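Taken in order, these protein sequences are the chains called B and D. For the first sequence, position 86 (counting from the first letter as 1) is numbered 85 according to numbering that gives the first Met the number 0, and the numbering increases by one without interruption. For the second sequence, position 314 (counting from the first letter as 1) is numbered 313 according to numbering that gives the first Met the number 0, and the numbering increases by one without interruption.
No lab work stands behind these hints: they were computed from the structure. Owing to the predicted nature of the structure, the values given are computational and were not obtained by experimental measurement.
Selected chain B positions facing chain D (in silico; Cβ < 8 Å): (1) Pro20; (2) Asp22; (3) Leu28; (4) Glu30; (5) Glu74; (6) Val153; (7) Ala154; (8) Val246; (9) Ala248; (10) Pro250; (11) Phe255; (12) Leu261.
A few chain B positions that, by computed beta-carbon distances, are all more than 10 Å from chain D: (13) Leu6; (14) Gly45; (15) Leu55; (16) His56; (17) Thr63; (18) Gly64; (19) Ala77; (20) Trp108; (21) Phe168; (22) Arg210; (23) Ser227; (24) Leu284; (25) Lys291.
Built from N, CA and C at the ideal position, the CB exists for glycine as well.
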Amino acid sequence: MLVPVVLGTATLTFLLMHLSPGDPARTYLGEHATPEAIAALRQQWGLDQPLLIQYLHFLRDLVTGELGQSMFFHEPIADLLATRLPPTLLLMLMSALLSLIIAVPLAAWSAVRNSGLSDTLVRTFTAVFQGTPIFFVATVFIVLFGIRLKIFPVAGYGNTPWEHVVSLFLPSLALALGIVPVLMRSLRTALIDALNSEYVSFARAKGLLHRTVWLHYALRNASISGLSVLSIQVSYLAGGTLVVENVFAIPGMGTFLMKGILNRDFPIVQASALVFALLVILVYLLTDVAYKLLDPRVRLK
Amino acid sequence: MKKLVCAKSFLGVTTALLLGASAFSPTCVLADDTPQAGGDLVMVRSAPIQSFMPTLVAENGSIWALEEVFDTLLLPTEDGKGVQPGLATEWKQSDDGLEWTFKLRSDVKFSDGTPMTSKDVKFSLDQASNEANPFGFINAAIAEVKTPDAETVVVRTKAPFAPLPSVMAIFSNSIVPDNYGGKSAEEFAKAPVGTGPFKLAERTIGVGARLVRNTEYWQKGKPYLDSISINEVADGNTRANQLMGGQAQINEFPAYSSTQALRAAGGDVTLGVFPSSRVDFLAFNTTKAPFDDAHVRRAIASLIDRQALIKVILFGNGEPAGAYMSPSSWSHNADIKGLPFDLDAAKKELAQSNVPDGFSATISVESGDSDQATMAQIILAQAAKIGIKLAIQVLDPAALDEARQAANFDMAFTYNTTDIVDPDEIIRFAGVYDGGSHVQYSFYNNKEIAEKAEQAATLGEQDARKKLYDEIQALWDKDQPMVPLYYSPEIYSFSTNVHGFHPYVTGNYNLSNVWLSH
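Work out the full structure: start from the sequences and follow the hints.
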């Protein structure tokens, strides 16, 4: 799966960037630039070559792992990525954890009180968050927790590992709330099915502890469907980071990609798209591993 | 607690405010305005810092940051109408007009402790004159830089060139150590060494930079601040929130829609309105029919209700534009008022044109720029009344730039701000075909204007130059290659414990004067 996805993403990004109007040399040199200066810079960057040649060079660099230099900042892409990737990884990890911490108890509570008042309340609550855009939730959080209550920083990323975690709490929560509704609903349905199943009745009849029945029988089985939903949603998070990083001024991959697109900084856009593609693949790989841990049938195969 | 008196900044942009120098004393003064030393200032802006290499940058974000690290021979005055001593204390033009002699300050050291001499100046100016640099063109008049002794620099020009002192006050001519202190240009860009009030401590690309006090700074007792952090925050709401939450002390360019609330607030945050050289235009593609016809351009100019634009876009913080030169420049021709909003006049102009019955055209606007979209809507509605059908085309910034530069558009919004205090740069940039951008990509080509601009630059007498500049603006006004829309100020919001913050008309922050009350 790795090779076709990487090659496909890389080629698509390459074509989209090179075929869309806008010239990095013009953007770089500004309004005062003479046509001669622009032409000279295009030549220096190899942009005057036929598209096919540029593409072949690009593929050669890709295979050798050469990411090139940012046109706008004159810095190696690899160095820029090294500072940009950690915030986004931490943000995605924290969002995934937070969404689990919120969704699992809610789903359990809701499943037990199936169709009761609390179930309706939980489902209404999640429906509201499903329909609210992330940037709005994020802004409300900033005003409430950052400016009024001053519990969390308004924006930014901080300087120490602890500051990073604190700074990323609100953005992660905003992202998590976008995932919780879908995750909670699928878990709830799976839990209701499991709770009504014969093996749970049997386990109860055997006189197992309530907690054991819940954890080892109902939740474990329900979590398999929850996991596939989570993995899809986490790859969707990669897109959500674009919005959240912008609102919270987090120096991650999302803001990096946006700036790259606006400046027509081809190497930045190509490298960022590639990183996002690899992130999604990584999430799917981790999901497969988790399946194996949870589901003995997968292990048998 | 000392009482803060902000005289001018609370008045907003009145006519007086745009009249210039005399109206502007420092924005905020304390009743007891003894500066306090120390403190760390955080400024948030959307503009990125591309590089700290003076010769390599073209964007205000980089320019205004590196001006805190480097000095120039001369500095613009606060009102943007002249120059004042910088690293040079005296300067004079030779009798034949071809040589300018600069006497350097003798006690200046770079932030690494080495003394600054004429050798450093020569190296800096020679580097800056490379035509391949984004601002290399600004030194085009320079023939040679000579160093008779360690404290004297002589700049020889190809022809008598009156604007030279102001050229010596532009960021691209910042003074760097000879041969970059033995470093390569790339190494130097990462660890710049200048004579400015601050030196670079750390920088993360795309995040911001932290500058700390330069202990070798030649102005004793300055700067007051221990450090300044210039952080890049793209989202305007986030910047406003950071200021309100105390995470930042200065917010560059808050939304105009927030200015009323900021004025009324009276809390921890205040608004500063500073005169700028910014002029906004609607540019025509004068190479394309029907916009090659001055009557068509004048018809559209008559359709534009500038007061409405100022109310809607700037929330009242601006003045309708007439002449293409900003009122912040001494060259501004105050007699030119622009074409008034008048539908009958527009109809008459159209009747005299090649397309008396109207035509269809597009206004190209930048995606994400709601101001441009709103202005286009207002103009579109008026144009429909005299039979001109306009459509709005939304392009992303890079695509719009390319369309404009390739003359592949009908109408587009543009603006300019000056980098030097002399009018020469903008007179050419927005008026002369070969002035850098083909008249901001309107491709307007008026030989008479070009000749007058050339002639004006060689004259020493300001009155004689002013006369020529007045004529140029009148010629331009008749042809309307662009419609001047409004003159707008630069606005900043900042904490009330920030004092002495007063950016110059040219944009320089001058953070060496800024202090925080603790």
